[in-house]
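One letter stands for each residue in the lines below.
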Amino acid sequence: MTAPLLEVRKLTLKFGGLTAVSEVDLTVQEGEVAAVIGPNGAGKTSLFNAITGIYEPTSGEVLLGGEDVREPMTRRHLVQQALAGLLLGTMALLATANIDTMWLAVVKNRAEPGFSAGAMAQEAVRYLQALPRIEPRVGRFFVVSGDGKTTLGTAKTRQEALVLRDALPPQPAAATARWLRLLALVVGTAVGVAAARAVWKRTRRTPTSLARRGVARTFQNIRLFHNMTVLENVLVAMDRHLGHTQPWTHPSRRLDTLLPLGLLGMLLALVATLRLGDPAGALPAILLGAFLLGGIAYLVHIGRRGAFSQATLALEAAASDKALELLTFVGLAQNANDLSRNLPYGYQRRLEIARALATQPRLLLLDEPAAGMNPSETVALMHLIRQIRDRGVTVLLIEHHMRVVMGISDRITVLVHGKRIAEGTAEEIRNNPSVIEAYLGTDGEH
Amino acid sequence: MLNVANMSASYGAIDVLKGISLRVEEGEIVTLIGANGAGKTTTLMCISGLHKPRSGQLTFLGQDIVPMAPHHIVRLGLVQSPEGRKVFPRMTVAENLEMGAYTRRDPDGVKTDYERVYSLFPVLQERKTQPAGTLSGGEQQMLAVGRAMMAKPRLLLLDEPSLGLAPLIVARIFEVIQTLNQQGTTVLLVEQNARMALRIAHRGYVLETGTVTMEGTGVELLADSRVQAAYLGE
Amino acid sequence: MAALWQRLQKQGGIELLIRVVLLLYPFFPVLDWAVQSLTGQGIRLDRQLVNIFIFGLLALALNLQVGYAGLLQLGIAAFFAIGAMTTGVLTVEKYPFQLGFWGAILVAPVMAGAAGLLLGAPTLRLRGDYLAIVTLGFGEVMRIVLLNLENITDGPRGLNPIAEPWLPVFVKDTIGAEKAIYAFALFALVAAVVLLRLLERSRLGRAFVALREDELAAACMGLDPARIKLLAFAGGAALAGLAGALYATNLTTTAEPNTYDFNYSVMVLCCLIIGGLGSLRGALMGALLLMGFDNVVSPLLTRVLQKAIGGDSNFVMASFSNWRWIIFGAALVLMMRLRPEGLWPSRRIAKELHEPPAEVA
Amino acid sequence: MLDTILQQLIIGLTNGMVFALVALGYTMVYGILEFINFAHGDVFMLTSFLALTLVGLFDLQGASGASLAGGLCLVILTCALFGAGLNYVIDRLVYKPLRKAPKLAPLVSAIGVSFILQNLGLFWGGMPLKVFGGGNQAAAPKAFPDILPAHNLLGAGSGLTLMPKDVLVIGASLVVMAALYGVVRFSKLGKAMRATAQDPAAARLMGIDVDQVIGATFLVGGGLAGFAAVIYSLYINTIHYQMGYQNGLYAFTAAVVGGIGNIPGAVLGGLLLGLVRAYSDQFIGAQWQPAVLFGILILILIFRPSGLLGSTAREKV
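Protein chains in written order, with my numbering: chain X, 1 to 446; chain L, 1 to 234; chain Z, 1 to 361; chain Y, 1 to 317.
The shape of chain X in the complex, shown without the other chains (with noise of 0.2 Å):
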């Protein structure tokens, strides 16, 4: 058999020292419809959130086709950290070494005689060795001890200070000097290394990362990007899918604009260095005002077409259509170009959904889809989460809405005061009685 779709296991969150969700099971196979239900605040928001990636679980798996949804130590990941750390170790170094007098030591003593990056690289291995180095300084050359605090003798150029410093017996002072700047490069690598983990460890699930792995979903309070249109709330949630394309390279076709302003300029140009009397400067000065001036109106025409290429123009293209195809499916492509604020409220639960659908989930988790809907939008809901079962993608849902959840639902976990309390069919569950005692109502009054 094949692992579930999503595997929830013991799942925890502790807020402070409440809990709001405590060792919960949840399953969900693929291509069912399955709910979560229980009283308000009994930890379904959370636990939605714990599998979107929001909150950090404070202990318990999530698993999604049988993976863990934590982001596994990569390669890439190992050598960003090594990265993060190579460099604060290198700042620290170069920090304790005084990159102020390394630079005097090594750039501006190699100045004079000439650029030679590998003497540059030598004289600065030296220098972070803490060996005597000569330093320019007032027109002279010194030669410094390698902890930089005693001039061992001066020279009138820098090739008698070499030979100054090559006859110098070892620097027994320069020891420490070399421990310390050892000492900083070790703790500047281990902190950069530790600070690139632990950024990698809160990380290693988010919205994003989950989004990314096929799960998708809506929110309690409505959550839409409401200065944008119908159509772009949809085209955000494809962006993933869009594939990659230079957004400006241009298609180089029209230029009409371009070629009479380069002539434009061409002629201010020849008139200004004719009225000048100088026949010979024309033709730079013609060939740099045509240079500006036709750069400059290039520029200009495709910032004002927004010139895109004729790849990401199709993309864009393709898109649209794939996002109104959804619109479709929802029943509000008529509102395409309306502000999502401006729709109704009932219409913009569905844009959630449309604009979850456009992440092309697997898992599509909806968080009271029906509330504030009246009994014939309701309706038109479970019709539509039935229609997206059938799309292929598995559903769970939050609802209190027994209607909805009694008549769509594979399967329904009951959740009362952060526990688990019972699982099961539609049937079963209504008819569990600690089920009935603690949400559905213990009398008798059916």
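What the hints contain is simulated information worked out from the structure, not anything from laboratory work. Every residue, glycine too, gets a C-beta built ideally from N, C-alpha and C. Please note: incorrect hints may appear among the correct ones.
[As the list claims (entries may be wrong)] Mimicking DSBU-like on lysine-lysine, the simulated pairs with C-alpha atoms at most 35 Å apart in a straight line are:
id : chain 1 : residue 1 : chain 2 : residue 2
1  : X       : Lys322    : Z       : Lys94
2  : X       : Lys201    : X       : Lys14
3  : L       : Lys111    : L       : Lys128
4  : Y       : Lys188    : L       : Lys52
5  : L       : Lys128    : X       : Lys419
6  : Z       : Lys351    : Y       : Lys103
7  : L       : Lys18     : Y       : Lys103
[What the hints assert, rightly or not] Okay, the calculated beta carbon distance ranges per label pair:
id : chain 1 : residue 1 : chain 2 : residue 2 : range
8  : L       : Arg105    : Y       : Lys100    : 24 to 32 Å
9  : Z       : Ser37     : Y       : Val89     : 55 to 63 Å
10 : Y       : Leu93     : Z       : Trp102    : 46 to 54 Å
11 : Z       : Gly292    : X       : Arg178    : 53 to 61 Å
12 : Y       : Pro128    : Z       : Leu301    : 17 to 25 Å
13 : X       : Lys201    : L       : Gln125    : 37 to 45 Å
14 : X       : Leu182    : Y       : Thr161    : 32 to 40 Å
15 : Y       : Arg99     : X       : Lys201    : 56 to 64 Å
16 : Z       : Gln98     : Y       : Gln61     : 55 to 63 Å
17 : Y       : Gln61     : Z       : Leu300    : 36 to 44 Å
18 : X       : Leu182    : Z       : Gly292    : 53 to 61 Å
[Said to hold, decoys possible] Chain L side only, calculated, beta carbon under 7 Å to chain X, not exhaustive:
id : residue
19 : Gly56
20 : Leu163
21 : Gln182
22 : Gln192
We have chain X; now place chains L, Z and Y onto it with these hints.
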């Protein structure tokens, strides 16, 4: 006592309340039930002055409270215990209760009210010096109700007191509400748990997408087939 | 008068005027050149204009970070300084690199962008106002570091002389280095405007809007907020680095590190706020307004003030340039109170700023 | 070596006290309004100019005994009141109308106010008063007279120096902080402040006039900044119209390191920063001071984003 007439409210462009009317008489328990997003919490926010209605009248004891700041409204004796408890997590239980009595100027009365709260909720006395954030959900809800009681309310607004609580604790809270009512506090109760709420309420209103669709006594509403279908899980 | 103004505005007269002025820009050096050859006296307008172009470029860089990506950045001067310093180190005669103008122009943005990347990578995940303080601190650190690394940056003296723009000999002989920097700055500015406009309309632009509106929802849709913000941050830093390189070249020195202080950063922010956050023409107009104030209005008013006060011209309040921070400060306060979207806003951002904080309970 | 370490401890503690006092103003405002009051450092700066003016007016330089003590108390009192009043007025005029605006608006306004105050400091320093050197060099740093007796309390021969002003800074700061702690912990207003910071909406429902509480917070924060300004000026002996910005930056860093919104955190952060600053000046070099402090800020934010004593807040979804 409290009269809400034709009140509308919105967040930005979204209309949440579309002209609701309701009233609460002295000594009653009135409940407001409805689905999530129907506008129940917004109604309470408007009454206690946290959100200003776009139109409509709000009078409490004959005074127009629409232009009043929340702290003035509290001084009139209209006190709300908010949804999700909202106790001050890093203050102790005793300090939380003290905050409830913030507007009061009668130290003796406050002292007797402490006694009253502690006798109703003995667990709060045990946890007096503990930060409220470390209490369990049920204890926090008791603290929230107790805190509201400290303000000596004439009308107590309770927003979802059963939210996220185990059934036994919910039963306890509802008991307390009834006790309070018998001791002379009028209560406006907003609830998801419609059955419990209607059972203790004298009258009830049903709110759907920003409008009052039904009203009647608790018993009437409990027996209504539409209410049963929509809110009682049948 | 007011009626005329209104009518002009309605018919897009202002727009037209702005466009005409913009179209004239490429001709200023030619004009100056012509006037000078004819009358023997230059009008020297181009020098001021180069500064405006560079400042405009800087404003666009900050706009990319603050306006598009919504990152409150208070240390743009640091990246500007990195650009200028890189240009200095890579071109002055006393160092062995001597890459010349074109080399520096290529390397400076890379260095500044890398600095942006390094600063942004660990900090962009922070809350917005923490980022403000981190960038502010970075600006301060950069200034002090540049002052202290005296062997490298020449401290308060600044590195100079910085190489003139290298041009083919025959072009150089004709138009001179000054005009070349004018041409290049103008070109860079137009190019930046065009690229940013394209960016606005591209997928990335859409992602920026989504991120500003609701970061969490955007993340749940698979956008990577950290990455997108980092892109904007590093891009803005690189653009600021380019502006810095041009600035140093135009000035022929890297200037005193104290030039690149917090006040400078805030001045750039000021011109975005006045012009309109997220709006390209707003940024440009803001730059024009501020530079105009500093270079034209301020000296003029100082003269008037001193005439009015008479005698003691040493008195602080007699020099109008001493009033500039009161004026900028008041401008920021008043703009936030009366017209938070700026004078020439982008339509979308104006709407975002006028929306009451969401959070429907 | 031990002497150096102990000496730096004294310097670090005194500096840290000043940071902590200013940081408290930042942290209290942030705790309630969640915005960085950029102008706070400049309230501090402007008050130090008032202190210098008053020292000149009362002719405290060279005074001793009772007249010095009395004069000093008067200066401190006036300055604390001035700082409090100024902060309060700024809040009412500038920030209050922006309470419901997007977060950027008060922040940018605060930067604007900061610049206005800085410019006012420039003008103030240009006033033709003797203490300002006649006012010819408005932008130059001003010498603040060393009015406290300058002798080593540990005896002239000791390797350590502990001056009366060190004792004054540490002692007075401790008294003020203890008083603040008492007020916030036990008074009705203090409790209202904490309640408002933890949950403004719930505080409103309790009948707390949140606007009044915010005003009181600005008053207290400004008073602390005013007090800190006198202490700082007496200790450092130089004031400058741009010092508010840098000290404000350090103080804010201290507040963030300690956990913003957290009052003991601000004190802890201030002391920590003061000590780090003192030791880094001694062992790394004063020119690297901002870089070191800034590096610490970034590291703390990476490893503990909510500061040393801060609690993690979660976004409600």
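message: Taking the earlier hints as the rules, which of them does this structure contradict?
response: 1, 15, 19 and 21
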